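S.K.: Here are the chains, one letter per residue:
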Amino acid sequence: MCQVKIALLDHFDSFTYNLSALCANAWPGSLVKVFSPGFCFTDLHKFSPDLIVLGPGPGEPSHYPQTLKTIEGYYGNKPMLGVCLGLQAVNECLGGLTKISSIPVHGKVSTISFLRRLLPLPNEFQVMRYHSLYVEPAKDLSLWAVASEDQLPMVLSGEKFWGLQYHPESFASEYGVEIMRTCYESF
Amino acid sequence: MKVFDLYRKHQKPFTCVIPREELSYIGVEAADFYYDLASLESAMQNYPDAFFAGYFAYENQLAGLPFCLAQKPLLYPHHPMLWIRYSKWVEVHADGREVYKESAPGESLWLQPDRSSMGEYQALSKNTYEKTVLQIKDEIARGSYYQVNYTHPLRVSFSAKPWDLFEAYYKKFAAGHFAYFDLGDTQVLSFSPELFFAQDGRSIKVQPIKGTLAKDGDLDLFWKSKKEQAELYMITDLMRNDLYQVCEPESLRVAKVKALLDLGNLYHLYSQVEGSLKEDAKFSSLMQALFPAGSITGCPKIRSQEEIQKIEKYQRGIYTGNIGYIYKNKIELNVAIRTAVTYNDDIFYHVGSGIVYDSIPEKEWRECQLKAQAFKEVLDASVLQK
Chain A
179 MCQVKIALLD
189 HFDSFTYNLS
199 ALCANAWPGS
209 LVKVFSPGFC
219 FTDLHKFSPD
229 LIVLGPGPGE
239 PSHYPQTLKT
249 IEGYYGNKPM
259 LGVCLGLQAV
269 NECLGGLTKI
279 SSIPVHGKVS
289 TISFLRRLLP
299 LPNEFQVMRY
309 HSLYVEPAKD
319 LSLWAVASED
329 QLPMVLSGEK
339 FWGLQYHPES
349 FASEYGVEIM
359 RTCYESF
Chain B
9 MKVFDLYRKH
19 QKPFTCVIPR
29 EELSYIGVEA
39 ADFYYDLASL
49 ESAMQNYPDA
59 FFAGYFAYEN
69 QLAGLPFCLA
79 QKPLLYPHHP
89 MLWIRYSKWV
99 EVHADGREVY
109 KESAPGESLW
119 LQPDRSSMGE
129 YQALSKNTYE
139 KTVLQIKDEI
149 ARGSYYQVNY
159 THPLRVSFSA
169 KPWDLFEAYY
179 KKFAAGHFAY
189 FDLGDTQVLS
199 FSPELFFAQD
209 GRSIKVQPIK
219 GTLAKDGDLD
229 LFWKSKKEQA
239 ELYMITDLMR
249 NDLYQVCEPE
259 SLRVAKVKAL
269 LDLGNLYHLY
279 SQVEGSLKED
289 AKFSSLMQAL
299 FPAGSITGCP
309 KIRSQEEIQK
319 IEKYQRGIYT
329 GNIGYIYKNK
339 IELNVAIRTA
349 VTYNDDIFYH
359 VGSGIVYDSI
369 PEKEWRECQL
379 KAQAFKEVLD
389 ASVLQK
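So the protein lines, in turn, are chains A and B. Using the working numbering, the letters of the first sequence correspond one by one to residues 179 to 365. Using the working numbering, the letters of the second sequence correspond one by one to residues 9 to 394.
Each hint should be verified, as a subset may be incorrect.
Unchecked claim - From chain A, some residues computed to sit far from chain B (all C-beta separations above 10 angstroms):
1) Phe-190
2) Gly-207
3) Leu-209
4) Thr-220
5) Pro-257
6) Ile-281
7) Pro-298
8) Pro-300
9) Asn-301
10) Glu-302
11) Glu-314
12) Pro-315
13) Ser-326
14) Glu-337
15) Tyr-362
Said to hold, decoys possible - Ranges between beta-carbon positions, derived for each pair:
16) B/Glu-138 x A/Phe-365: 48 to 58 angstroms
17) B/Gln-53 x A/Lys-224: 35 to 45 angstroms
18) B/Asn-337 x A/Pro-206: 22 to 32 angstroms
What the hints assert, rightly or not - To give an idea of the chain A side of the interface with chain B (calculated C-beta under 7 angstroms), a few residues:
19) Tyr-195
20) Leu-311
21) Ser-348
22) Phe-349
For the record, the hints were derived by calculation from the structure and aren't laboratory data. The structure presented is a predicted model; accordingly, all values stated were derived computationally and were not measured. Beta carbons: idealized from backbone N, C-alpha and C, even for Gly.
Looking at chain A on its own, in the form it has when it is part of the complex (with noise of 0.2 angstroms):
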């Protein structure tokens, strides 16, 4: 497998080294850098990036300019995958909404469905879920799986873009590594 090199977007979270390491697991001999909140451009620019992943992570998207601004510059150029908040914030910036559930869910396992099928993962599976806030999908995402305990958006995918709503580095959710690289090979 070819050398990928990926930016990960921190956010002061307590999982981005999950992520990182299924990243580094997902293509093995991939070079992954984080970048902390306030991080400086020409460093992501310089670093050149085959896949920028936006991280989970506490709060909301306003919190967080420096991400907003590498979405509003990268979005549809480079391959690009939001997690949780990384979803969040992509989906605000295309327009779409970032609401409080009634219910917050985090560290609860739900089962995921697939509204239609993508290859090669099964329709059905076990994820880790964190989080409060939801989204209300901009006209731009299609909407490709939701939880079954509360119908709420899973996964999305736009332009060069795929966006998951659950936590797939969680040591509860499966096909973790699988839904990187079906995400990654799309683009």
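Guided by the hints, dock chain B onto chain A, whose structure is given.
M.R.: For chain B alone, kept in the frame of chain A given last:
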């Protein structure tokens, strides 16, 4: 138990006892004191055969936070971290065999801890506690964080011998990670059931504890509870995150996803994550990646520490820091919960619990009381009354 007889024989200021079923240690002759990680780490290199024991308090520069943790009032004087190198110690084996060990004598001095920020103790009311839990839940609903470990100190007047209390507790209740330190003006009595990490060469394991049930509670419901499981899973993912920074990524595994810990008076859930350290991982890099333990901060760690700084009135001190020993290629540190510190005529014992969105304030308050029950029971026992 032999270790208790031996303690009585050898006790003097700065003696420590780490009682374990397999192999216990008694630090007898304090040679050097270390107050920062860099000097401890160089001593570990300079005295590779020596026995070190000590603690990291919760308020510690290791926390690497953009605010000063030490601004809050202290309940008892202590150093942010204190490690002792012993020039004489005793190893007590499971069969009762005692082995006397020696290392180079020392020269560094005992420095009195700073007392300038000592504060007056005031008990936290149930009402204030419950209001704060509701505030935490509001923040969780807004997405500010996912879990916060909210704690408060209890104070009891105490005039018995700290060692007698330690021994009485040890004989009556289980806890895998006991430790006792005599630090002159204060004594630290740790009845911790929780392992922070154990390192043996390049192998490392962590065992975060989350979820609490009274012994007479419904074990079946507890085991199936999504709330208790969520608390544990969250911290398990957090510990994986911290370990990935110092471990070979492919070596990391969740060896126990959810296991039951029976302490005699209550049950807990715990998990176990294991891995192999990177070749260049030093003790200091390990501490920087893992400290403070996720089980006593909440998740995400930085955001929950900020919240703790806001909602808790006093410094936590040694409570929720780590106590343990370093010996040759082995390091064992507990998470200093169920830990009491004596000072003047008082003994301080903090309690707390992980607050998640499903938390019910009244139940969390009861959980805090429950965590003090064994301690209070031993304290009230007639044997300790003068």
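S.K.: Starting from the hint 22 to 32 angstroms, judge whether the C-beta atoms of B/Asn-337 and A/Pro-206 obey it.
M.R.: Since the Cβ atoms of B/Asn-337 and A/Pro-206 sit about 30 angstroms apart, the hinted range of 22 to 32 angstroms holds.
S.K.: Over 10 angstroms from every CB of chain B: does A/Gly-207 meet that, or does the non-interface label fail?
M.R.: A/Gly-207 clear of chain B: closest Cβ-Cβ about 12 angstroms, beyond 10 angstroms.
S.K.: Is A/Asn-301 truly not at the interface, in the sense that its beta carbon sits beyond 10 angstroms from all beta carbons of chain B?
M.R.: Holds, since 24 angstroms exceeds 10 angstroms.
S.K.: Please confirm whether A/Pro-257 is truly not at the interface, meaning its C-beta sits more than 10 angstroms away from all C-beta atoms of chain B.
M.R.: holds, 22 angstroms
S.K.: Could you let me know if the closest chain B CB is still more than 10 angstroms away from the CB of A/Glu-302?
M.R.: holds, 19 angstroms
S.K.: Regarding the assertion that A/Ile-281 does not contact chain B, is the least Cβ-Cβ distance greater than 10 angstroms?
M.R.: violated, 8 angstroms
S.K.: With respect to the beta-carbon atoms only, verify the hint that B/Gln-53 and A/Lys-224 lie 35 to 45 angstroms apart.
M.R.: holds, 38 angstroms
S.K.: Take a quick look at A/Leu-209 and tell me if its Cβ sits farther than 10 angstroms from every Cβ on chain B, holds or violated.
M.R.: holds, 13 angstroms
S.K.: Going by Cβ atoms, does A/Ser-326 stay more than 10 angstroms from chain B at every point?
M.R.: holds, 15 angstroms
S.K.: Quick one, is the A/Tyr-195 hint okay against chain B at 7 angstroms, beta carbons?
M.R.: holds, 4 angstroms
S.K.: Would you check whether the claim that A/Thr-220 is not at the interface survives, using Cβ distances to chain B and the 10 angstroms cut-off?
M.R.: holds, 24 angstroms
S.K.: Going by Cβ atoms, does A/Pro-298 stay more than 10 angstroms from chain B at every point?
M.R.: Correct as stated: the minimum Cβ-Cβ distance to chain B is 23 angstroms, above 10 angstroms.
Going through the hint list in order, the structure does not satisfy hints 1, 6.
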